[in-house]
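Protein chains in written order, with full-length UniProt numbering: chain A, 1 to 560; chain B, 1 to 92; chain C, 1 to 172; chain D, 1 to 114; chain E, 1 to 971; chain F, 1 to 124.
Derived by calculation from the structure, the hints in this document are not laboratory data. Treat the hints with caution; some may be incorrect.
Calculated lysine to any residue pairs in the SDA-like style (CA-CA distance at most 25 Å, straight line) [what the hints assert, rightly or not]:
| hint | chain 1 | residue 1 | chain 2 | residue 2 |
| --- | --- | --- | --- | --- |
| 1 | C | K92 | F | E5 |
| 2 | E | K801 | F | L7 |
| 3 | E | K411 | E | D297 |
| 4 | E | K440 | E | D297 |
| 5 | C | K92 | F | V117 |
Pulled a few chain E residues facing chain D out of the computed Cβ check, cut under 10 Å [stated by the list, open to error]:
| hint | residue |
| --- | --- |
| 6 | D590 |
| 7 | P591 |
| 8 | W592 |
Positions of the beta carbon are idealized from the N, C-alpha and C atoms, including for glycine.
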Amino acid sequence: MSLHWTQHLILVPVILPLLAGAALVPLTQGWHRLKFWLSYASILGLVANALALIHMTDGGAWQDGMGIYLAANWSAPFGIALLADRLSSIMLLLTALLGLASLHFSKQRWGRIGVHFHALFQFLLMGINGAFLTHDLFNLFVFFEVMLAASYGLVLHGYNAERIRASMQYIAINLAAALLFLLGLALIYATTGTLNMADVAGRVPLLAGDDLALFKIGATMMALTFLTKSAMWPLGFWLPTTYAAASPPVAAMLVLMTKVGAYVVLRLWLLIFSDDAGAAAGFGQDALLYGGMATIVFGAAGMLSTDTAGRMAGYAAIISSGTLLAVIGYGQPNLVTAGIYYLIGSTLAVAAFLLLIELIDRIRTPRSAMLALTMEAYAVEDAPVEPVGRGVPAVMAFLSLAFAACALMIAGLPPLPGFIAKFGMFHAVLHPQVVATAANGVMTGPTTIPTAGWVLIALIVLSGLIAVISMMRFGVRTFWASGVLVPPKLHRTEVMPIIFLLGLAIGMTIQANALFGYLARASDAIHRPATYIGRVLSEPTLPGPASSPAPTINLTPEAP
Amino acid sequence: MATLLELSIGYALVCAMAAMLLCAIRLLIGPSAHDRVLALDTLWMCGMLLALVLGIRFGTQIYFEVAMLIVLVGFVSTIAIAKFLMRGEIIE
Amino acid sequence: MKRWLPHPVVSLLLCGLWLLLNQTFYPGHVLLGALLGIAAPILTRHLNPLGYPRMRAPVVALRLLGFASVEVVRSCFNVSRVILFADYANLKSEFIRVPLTMRDEYGLAALSCLINMTPGTVWTEIQPDTHELVLHVFDLHDAAWWVDTIQTRYEQPLIEIFEKKGPHGDPA
Amino acid sequence: MELVLSLAIGIVFASGIWLVLRPRSFQVLCGLMLMSYAVNLFIFAMGRLWIDAPPLTPAGTLPNPAILADPLPQALVLTAIVIGFATTALYLVVMIGSRGLTGTDHVDGQEPDL
Amino acid sequence: MTSLPLILLVLLPFAGAIISACLPNTSRNRPAAAAGVFTLAALIIAISKFDELGAGQVVLERYEWLPLFGLDFIVRMDGLAWLFSIMVLGIGLLVILYARYYMSKQDPVARFYAYMLAFMGSMMGVVLSGNLIQLVVFWELTSLTSFLLIGYWQDSNDARRGARMAFTVTTAGGLCLLTGVLILGHIVGSYELDAVLAAGDQIRAHSLYLPALILVALGALTKSAQFPFHFWLPHAMAAPTPVSAYLHSATMVKAGVFLLIRLWPALGGTPEWTWLIGGAGVITLLLGSFFAIFQNDMKGLLAYSTISHLGLITVLLGIGSPLSVVAAIFHVMNHAIFKASLFMAVGIIDHETGTRDMRVLRGLRRAMPVTAALAIVASASMAGVPLLNGFLSKEMFFAETAHVGGTEDWKMSYAAVAMGIFSVAYSLRFISVFFGQLAKDLPQEPHEPVRWMRFPVECLVVLCIAVGVMPERVVGDILAVASSSVLGAAMPAYDLAIWHGFNLALGMSGAALVLGALLYWVLLRRHDLRERTRVPVLHRLKGAQAYESTMLALSLGATWIIRLTGTRRLQPQLLVLMSFMIVVPLLLVDPWFSLPPVNLLNIEPLFAVLWLIGAACAAGAAYKAKYHRLAALSMVGGTGIVTAITFVWLSAPDLALTQLMVETVTTVLILLGLRWLPPRLVPKVLKLTKAPPSTWFRRSRDSLIAVGGGLGIAAASYAVLMRSPPPSIGEFFVLRALTEGGGSNVVNVLLVDFRGFDTLGEVTVLSAVALTVYALLRRFRPATESIAIPVQQASDVDPTKDQAPAAQARHGYLMIPAVYLRLLLPVMGVMAAYFFMRGHNLPGGGFVAGLIFATALIVQYMVAGTDWVESHLRLRPHRWISWGLFCACFTGIGAWFLGYPFLTSHTAHLDLPVLGELHAPSAFMFDLGVFLVVVGSTMLTLVALAHQSLRSHRLAADATRVTIPPAKEIL
Amino acid sequence: MNGIEHLPDWAALVVSLLLIVGASIVLIGALGLLRLRTFYQRIHGPAITVTIGAGSLLLASMLYFTVAQSRPVVHEVIITLFILLTAPVVSMMIMRAAVYRDLRARRPDAGATAGDVYSIVDEE
């Protein structure tokens with residue numbers, strides 16, 4: 001009896017970038033072409049692998065759509081289990097595709113300046129993928145750290161004063177947050193005696209009294225870390241600064257990292273504090289909801305208050321984080337579906353925007369920007385000359401089109417996926433779906449929409465409006481600036497990734513239904529924690545190489 | 001005799017701990033940087049001895065390893081600081 | 001032989017260290033220890049330009065060690081007494097110079113070890129221009145006595161041990 | 001023992017927090033180091049305190065989990081120590097880089113406007 | 001022809017847009033031709049659909065879109081939609097033709113036509129939408145394309161401003177509409193138009209009716225430039241005139257009223273509807289017409305006139321009687337016809353004279369008689385002169401207003417008459433440019449435009465007259481079909497005759513004509529109308545300024561919010577994080593845990609003393625870290641060793657070993673770094689004066705948080721420690737470590753086997769950090785104060801001042817230490833091997849061994865300097881890292897080939913002669929990988945730092961070593 | 001406390017004696033570190049700790065384990081070896097660092113100028 005080879009696919013997203021990274025470490029700068037292609041091959045592998053995983057999870061190859069990989073062949077609560085389900089597979093795909101775009105973008109310039117860009121990039125991918133896959137809390141911490149460690153290096157890549165200032169902040173905040181993660185983890189272990197997420201979830205209903213309180217404190221600590229990562233107000237002030245400072249391909253990856261926090265919250269909260277969790281059910285949901293709302297407000301205000309594109313992108317990411325957190329806190333499966341769709345769309349949009357910024361900056365000389373600003377501020381009237389339209393070179397046309405697409409997606413205006421996502425969320429809020437769980441049993445009919453739902457809709461609409469206003473303001477200043485604009489030289493490798501990302505977004509619109517269907521299945525699955533607990537804990541190991549009968553011990557906690 | 005041994009082990013522990021405390025006070029009050037270095041080094045040394053005595057008390061060899069490692073590498077940080085005081089940088 | 005085992009004594013010592021650490025005489029460990037003992041000096045030879053010393057007068061060395069041990073214990077109790085009972089205001093702690101004739105690094109190192117291990121004296125440095133040893137004495141009564149003791153009791157035996165027959169080792 | 005260790009963790013952590021909130025990067029570095037000590041001890045304490053019961057199970061004996069320290073927190077702390085070491089190194093280098101480029105050791109890379 | 005799908009009507013314009021966008025900028029005829037062809041094709045299809053419609057008939061096509069939300073893409077055509085389609089396509093065709101001649105040679109027309117067609121497509125989408133969400137999608141697209149069109153002349157500031165204003169207002173409205181539509185969908189349970197229209201009663205009875213109505217109305221009113229959102233339309237006149245003619249008179253602004261007509265069956269017929277829609281309409285129609293009189297720009301006048309006419313339609317819809325709906329539809333049609341022609345006429349004037357300023361223009365009748373005639377007829381229609389189409393619908397309007405108030409309330413009628421008066425006045429003002437002497441000072445010599453440029457105007461004017469003269473024959477059917485599609489069974493009887501006899505409406509028309517002329521005369525003669533620059537009485541009502549101020553206020557408000565609730569500084573962020581750590585559990589966790597009683601007898605005094613030391617060191621470090629870094633570092637080291645002793649005391653020898661090693665290496669590392677961190681000196685000022693209150697506040701706040709955090713964590717750990725442990729997975733490891741993990745050191749087995757995956761991640765972290773440090777330091781620029789060699793090396797006091805590092809070790813002060821430390825090297829190597837080999841069974845392991853090894857090497861660096869060591873030893877830490885990672889990975893992957901998951905450990909049992917049985921667990925290889933990575937990354941980090949000194953020494957050597965030494969040593 | 005009861009009396013006595021002596025010396029050394037006036041005096045305090053103090057305790061440990069486990073346990077020799085290899089370097093380095101620091105800082109009262117070896121140059 002041995003493992004079917006497809007099982008190993010679950011591990012590939014972690015191990016492939018690690019191997020690629022290891023191979024990249026000793027290569028010197030003289031080999032930059034080889035480095036790039038090595039890196040590229042790894043990411044292509046990841047894309048293919050992610051597609052295969054999606055196929056496996058959604059194609060019924062694995063029971064309940066989840067593949068479980070027991071690293072080192074130890075059964076679930078003891079060893080480290082990796083779990084690929086629909087949600088993690090789609091996130092892996094998103095990571096790989098975004099990585100592909102970022103890496104491609106970096107070919108021209110960023111991959112060559114400074115050393116070890118590619119190796120760190122691979123490690124970053126490893127960390128992100130690992131965080132998506134792992135089903136063990138401490139392993140999650142480790143992958144968070146892998147991700148962060150690599151991201152520190154990447155944020156600093158192309159070292160200048162601004163970057164180093166930003167990364168000082170970024171690093172300090174994240175180090176402090178990592179300590180909180182450890183505190184939380186320790187408390188969870190102390191109260192439940194286990195680290196496997198499913199096992200923790202299985203033991204939570206049995207907790208009571210002081211243990212429960214301590215467990216909740218632990219969960220709060222961990223949540224603070226994730227929320228810092230996903231930039232919930234007031235924990236996310238580092239984000240715009242960091243985004244604005246980091247080099248574009250890195251910033252694009254950072255967008256995804258921000259989502260990792262939200263992803264983990266989504267996964268953990270639905271698993272641990274589900275309706276089956278007894279006294280702990282629904283813990284902290286309100287905080288997430290209101291925190292998310294506050295984050296939306298903050299992000300919207302930020303977008304309006306800033307003139308720099310990088311910060312704008314940062315605030316856009318904050319808005320999307322806030323939306324996502326509020327959606328999670330709202331606690332409704334079909335809303336979560338739309339939320340994940342929104343997550344994917346907004347990640348693509350903000351990432352494309354961040355890549356685009358660099359190209360835009362090449363046309364936007366500081367002088368012309370200043371001029372546009374003054375003219376706007378003082379409402380300078382035109383000299384009464386016959387206005388003449390100006391021909392737009394193809395480069396500019398591309399840039400402005402791409403910018404418009406990003407703006408539409410970020411603002412959630414039709415016809416790009418931002419709108420569909422937002423519509424999906426509104427629809428979900430307005431059509432409350434009550435999950436039939438063991439706890440409450442029956443479906444109830446159409447219920448009234450809680451005030452929070454209306455507020456959420458209003459906030460999302462308003463944030464979209466504000467986003468579009470500020471993006472438009474920026475766009476007008478940039479693309480319609482007076483004075484002669486010299487169309488910049490763009491390299492094909494820089495243009496392709498943006499087209500690729502936007503193309504993906506458009507693909508999301510066209511395939512919205514299929515994608516929504518997939519995500520609905522994904523969301524449905526993560527709303528059934530019992531399945532996870534059952535599956536993960538019962539995944540059999542292979543009989544040991546030197547199979548010696550081990551003493552059996554009973555570790556299931558007894559009900560008090 | 002076993003009582004005597006126990007008592008003397010206890011005495012040794014107290015002494016080692018008291019010595020550590022005194023070192024720590026010196027470490028805290030300084031006044032100069034080299035005083036602190038010296039205190040830190042002695043603190044390491046006392047810690048090593050404490051580990052050794054604990055080893056006797058519990059009758060296990062595990063503490064010995066720790067003591068050995070303290071002796072082997074504890075000095076590195078001391079000479080690093082000393083060199084730093086002397087030259088302003090530790091690796092020239 | 002010379003090529004594969006350039007420093008037999010060092011190798012033996014390292015092997016001994018290994019066996020001591022593992023507290024065993026298993027053949028496997030002996031083999032491993034021997035391997036390490038041979039490999040370690042070879043691998044580090046570039047970083048040790050002086051090579052390793054050759055002991056030439058083991059009897060002298062033993063005698064020196066014996067004398068030094070006594071001295072260490074004596075000084076130790078002296079220092080303890082001073083710390084516990086003396087009036088610190090009258091304590092005469094001073095630096096003194098001791099002219100040295102020995103040039104051999106290992107000899108000097110051994111000297112420094114002896115001096116530093118003797119409580120009450122701390123080796124400060126060898127002044128580069130005069131080749132005088134600067135020594136700090138905790139409770140100085142008679143500087144000349146110290147100079148004399150160090151030169152005759154310590155330095156002479158060490159010269160015998162390390163320096164007698166020309167240069168040693170092979171500077172890498 | 002428990003009380004002492006708890007208080008100790010508390011004090012070290014408090015010192016760490018205080019330092020982390022200071023404006024100078026070196027202070028923050030020290031603070032992070034202290035905090036990570038405290039956190040390591042905290043994780044360690046989650047396995048409860050055991051004296052003379054290192055989790056070693058020599059061959060030939062049947063291990064008895066009831067009289068050996070919980071090994072898992074120790075393994076976690078070990079990993080945490082290593083990661084803490086790495087991040088300290090990183091923060092340090094960023095700190096000196098920042099001092100060099102920005103001319104100040106303020107954590108923001110610029111002196112606050114007074 | 002009839003078989004052609006309706007969706008072509010939407011797709012064709014978009015296809016045309018794409019094609020014309022792809023044409024080169026320089027081409028002029030081809031884009032126009034392409035646009036024309038596509039529009040014409042669509043128009044023909046649209047016209048051909050009329051036969052299928054009949055009374056109340058609906059043609060529907062359904063495409064799957066988002067079935068998950070019950071959303072289909074529905075193309076739905078009924079009479080109303082048909083009418084609007086014809087307007088959009090027909091006028092579009094004319095405008096395309098017109099624009100071909102209007103746009104100048106420099107203008108990149110390809111882009112222009114692309115925008116135009118995209119707009120046309122969006123508009124068709126709005127008109128033909130069969131579900132409300134789809135409608136909103138196209139609705140927003142019209143806003144977007146209109147934005148692009150208004151901003152077409154992007155160099156002009158007015159264009160940019162106008163575009164932004166229009167876009168902001170209409171998009172905001174669109175989002176309101178979206179919300180409203182969502183509510184409708186929520187009420188009805190479907191977004192499909194048919195379902196919504198059928199559920200009128202349900203909607204009106206629902207508690208959410210009012211919000212839905214308001215939101216939908218906001219959408220419609222913003223789009224149709226109704227008060228108080230009317231201000232964007234005049235500013236949108238910065239667009240090229242064809243755009244104004246098309247979007248801002250004939251089509252886009254009609255989208256708002258279209259929506260109101262569309263949803264009238266669902267939403268209309270309530271007092272709220274009447275008040276909201278009618279109220280906005282009345283105000284708009286009066287304001288618009290009044291403002292129009294005082295415009296100097298011909299397009300401005302037309303813009304206000306458009307606003308007022310849209311107000312008229314809105315009022316009709318607000319009145320909400322079936323007949324008024326018919327009137328509204330009729331007026332939509334008429335207004336589109338005459339206003340488009342007027343705009344085009346203005347465009348011709350502008351094009352031929354170079355100005356649109358009515359203060360300058362005079363007597364154009366002489367220069368361009370045909371255009372003048374056309375314009376005069378069209379404005380007559382606008383003024384409501386009989387026998388023209390405007391008259392008819394206005395007549396219906398007057399009749400409705402009279403009807404609505406009954407016999408008591410005449411307010412509505414007064415308003416209507418006032419509007420009529422104003423419109424006559426501004427129409428007169430408009431045509432005044434054709435009379436009088438021909439102006440001499442025009443930018444260009446005016447003359448008639450080319451034939452085909454006038455042709456569209458002619459078409460429309462002919463239509464004006466045709467409708468005006470024989471309404472029933474020309475538009476009777478169309479109006480009937482369109483109206484019945486809205487009204488259904490409620491279709492009223494009406495008569496499209498020119499003459500209805502002497503009735504009230506006619507009286508009102510007559511009064512308006514006479515009084516309007518009078519008003520114009522009075523204004524001209526007494527109030528200097530031609531030279532006025534501002535609107536009397538109501539000039540304070542500046543919507544645009546209000547908009548700008550709102551935008552500014554929004555921006556300022558946002559900045560204020562960000563400043564208030566955000567920060568860019570690190571300290572507040574950490575403050576928030578730390579206080580959240582304390583506060584959030586307090587807020588969320590309920591019930592709180594209880595603290596077990598404190599038993600002081602349980603305290604082990606020695607342990608207490610140990611931690612007295614540790615805590616004192618920590619507190620001391622906290623106190624000293626600002627100015628005395630070395631002291632703080634030493635004290636942190638003190639805490640470190642106390643921690644290590646605690647670990648060994650509490651049965652965690654592995655941790656103690658690791659802690660000790662890390663402690664050492666960290667100290668070395670920080671010292672290496674401190675070299676580049678110039679000392680902080682206690683400022684004299686601070687020493688003398690007391691700290692300011694703000695500092696005290698900050699410090700007490702921080703200490704409060706610190707104490708709180710400390711207490712919290714202490715309480716938590718005490719609570720945990722005093723509780724009996726839960727059944728833990730820890731036991732499993734103890735039981736299986738030896739039997740299945742193959743090692744007796746459970747912690748190590750955990751690291752390399754049970755949780756080897758963690759360790760893999762951990763070494764990756766180390767590698768990543770080392771690479772980062774290396775990369776960062778390669779381009780490191782030290783602080784100016786620390787570029788110079790340290791003061792210690794510059795001072796004459798020390799005789800080693802000028803010795804090179806290697807020389808120091810050879811015969812300098814380091815000679816004796818060097819002997820010791822070099823002897824130590826192989827010993828430490830053996831020790832590293834020892835700790836490595838025993839790791840699996842006893843405390844130790846790859847990590848500790850790696851650090852010992854690295855320490856041994858770094859000591860050599862300290863002794864002899866970087867140059868010397870590296871000339872004797874090439875370490876290549878990068879390769880160590882690489883090999884280490886490979887080693888660990890491939891050990892794990894090796895299990896694959898045996899059919900096991902990653903990292904499954906295997907033990908090879910070898911039976912060797914002499915040596916006996918030998919166990920070679922795969923975990924050993926894994927640990928070797930760890931060892932290699934640890935050595936590699938530690939060395940890479942340390943050596944990279946050490947190399948900095950080398951660089952600065954070279955620098956200093958170049959500058960003959962006399963650089964300014966720093967003022968003070970680092971303490 | 002495994003094995004203590006089984007220790008023969010003579011061994012227990014010797015071990016106790018060594019422990020008491022060693023520990024006392026350690027304490028005295030630390031006391032010296034704390035109480036002595038100048039740094040140059042204080043540096044002599046720990047010297048007794050590392051020699052007799054550590055030596056006695058190591059001997060005690062060696063004896064104890066040898067007797068308790070009835071086999072020669074001599075690996076404490078390693079620690080002795082390491083002390084011999086490291087302690088001199090440490091005191092040498094600290095001492096020299098201290099001297100030159102005090103000289104540079106021109107602190108005549110620090111004790112670096114005691115004896116006629118080092119003097120503070122009055123220049124610059």
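Hints, verified against the model:
1. A C-alpha spacing of about 49 Å is found between K92 (chain C) and E5 (chain F), which places the hinted pair above 25 Å, so the restraint is violated.
2. Between K801 (chain E) and L7 (chain F) the alpha-carbon distance is near 59 Å, which puts this suggested pair outside the 25 Å criterion.
3. A C-alpha spacing of about 32 Å is found between K411 (chain E) and D297 (chain E), which places the hinted pair above 25 Å, so the restraint is violated.
4. Between the alpha carbons of K440 (chain E) and D297 (chain E) the distance comes to roughly 18 Å, so the proposed pair stays at or under 25 Å and holds.
5. Taking the CA atoms of K92 (chain C) and V117 (chain F), the gap is near 15 Å; set against the 25 Å cutoff, the hint holds.
6. At its closest, the beta carbon of D590 (chain E) sits 23 Å from a beta carbon of chain D; the interface hint therefore is violated under the 10 Å criterion.
7. Interface restraint check for P591 (chain E): the shortest CB-CB distance to chain D comes to about 21 Å, outside 10 Å, so the restraint is violated.
8. Among the interface hints, the one on W592 (chain E) is violated; its C-beta lies about 17 Å from the nearest C-beta in chain D, farther than the 10 Å criterion.
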